[in-house]
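Colleague: So you can see what is in the structure, the chains are spelled out below.
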Amino acid sequence: MNRKILIAFLFVAIPTFGADSQWVLQQSTLTYHVSHPLHQTDGVSHAAKGKGVCHAGQCDFLIAVPVKSFDSGDSNRDLHMLQVTRGAEFPVVTVRTRLPESAAASATINADLEIQFAGQTAQYKQVPFKLETQGGETHITGTIPATLSDFKMDPPSLLTMPVKNEIPVRVDMIWRQQ
Amino acid sequence: MLRNIFRNWHSCVPGLVVFSLFVTFAPSLMSQTTGTGALTGRVTDASGGVVANAVVTATSLDAGQTQRATTGTDGTYKLELPPGNYRVKFEAAGFKTVEIPSAMVRGTEMAVLDEKLEVGEQSNGKPTPVPPDNLPNAPSSSSTAPSLSDLGISPEQTQGNAREQALLDKRTHMLKIHQRLGLITTIPMIVSVATSLNAGGKSTSTASRDLHTALGGLTGDLYFMTAYYAIRAPRVPGTETRGPIRFHKIMAWIHGPGMIATPILGIMAFDQKNKGEKVHGIAQAHGPVAIVTAGAFGAALLSVSVKF
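So the sequence lines, in the order shown, correspond to chains E and S.
The first sequence begins at 10 in the numbering used here and counts up by one.
The second sequence begins at 807 in the numbering used here and counts up by one.
The following block holds chain E by itself, in its conformation from the complex:
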């Protein structure tokens, strides 16, 4: 009898405390926004790849996106963006964060992000994201308050007028737990 109870306990306990689970990025839209007195420009990428590995109640996430994959609708502007962000030297942007496994059940989360971009590393504390979970998929939206100076970039200029330092990045991702 005790043996049966022990086996039953193990079946319940292993998924709860012991086993690792993973999250995989299913779909993503990352959009940077650049403001100029004559222009408001958005560059969009759907090429991000991401994975989260959970262990002992904590999940480590890594998201990577090629700099070249951002499309602003103008090839000349995209090449200038690639030059300014040193995208040929540092072709991949990575975002890392660690979240408690229980965060998946919340409607909002505040994440500490570490972003490597243009050969620099910047950390953003307590960035708010909204979560909607439906049918095993979690939809995450939010905006990363990035600036050019965070990554030691000189603001590019058009007609001698520089763009604003703020380049907020809108995040729209769908994750699936495996």
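Everything labelled a hint here was simulated from the structure, so no lab data went into it.
We put the CB at the ideal spot given by N, CA and C, even for glycine.
Some clues are possibly wrong.
Chain E regions said to be covered by chain S (calculated; three or more residues, Cβ under 8 Å) [as the list claims (entries may be wrong)]:
| id | segment |
| --- | --- |
| 1 | 62 to 72 |
| 2 | 78 to 85 |
| 3 | 101 to 115 |
| 4 | 145 to 158 |
| 5 | 173 to 187 |
With a straight-line cut-off of 30 Å between C-alpha atoms, the simulated DSS-like cross-links for lysine-lysine are [said to hold, decoys possible]:
| id | chain 1 | residue 1 | chain 2 | residue 2 |
| --- | --- | --- | --- | --- |
| 6 | S | 902 | E | 161 |
| 7 | E | 77 | S | 922 |
| 8 | E | 161 | S | 976 |
| 9 | S | 884 | E | 173 |
| 10 | S | 1055 | S | 976 |
| 11 | S | 895 | E | 173 |
| 12 | S | 884 | S | 922 |
| 13 | S | 922 | E | 173 |
| 14 | S | 922 | E | 161 |
| 15 | E | 161 | S | 884 |
Dock chain S against chain E, hints included.
Modeller: Only chain S this time, still in chain E's reference frame:
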């Protein structure tokens, strides 16, 4: 004086064409003679061990342009640079930043600059450029944290390409000059169009025509310098032209020939007027061609300046 110069326009045209060609291609010929040099070396620590992933930054003391390279697993780096004098900075995580104020790169030989780094904090307090997936203090640096290879991203995909970055840097540098010169060109162009009202009518003075001609000449010179920096800016292989820049380039096929035809027709009209004749024949097209040219130039400028 201009009146005398342009009296025999037939003899002026070849000279004008030669001058335009000189203005257009002289910088190109000059740049072709300069060649490319290289700066290479090995970065080591105090014990002589190689320092991988150190970032070497060369900043031209003449042009202000920078190029970066990262040392490989053997601690070596190589930067392909135009000849000149460079300030070279060595940065690596856990080592003091070292800056060499001046290093000469010549076009015909490879300059060697080895550097020994001392252990310590970085002197400039800036974030350390660290290659992806190599951060000891990353939030996800636990043993379970996913890596780039877990995402299906190979090391080759994260490898920087200093040559491509140098190409992009040069392209941006030249197009910035193109943009500034284009803006400057609009000023004499607008004034040329405005002064044409006093230059072509029945009761116009030679002074008005001279002023219009001088402004037209200045516009032409600035225009061809502007065009040079666009034409000679390096192309990035595999890039398809999309968006407003496409319209900008199409407009160049209108204002480019227009900027050649306008002064030729203008000289013909100028000569006819100075002989006391009414402008006739093909010279009559000077005004309409100039207007179309200026319109196409303005449209090209607006297409990349204002979002429609």
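Colleague: Please name the hints from earlier in the document that this structure breaks, with their numbers sorted from lowest to highest.
Modeller: Structure breaks hints 4, 5, 7, 9, 13.
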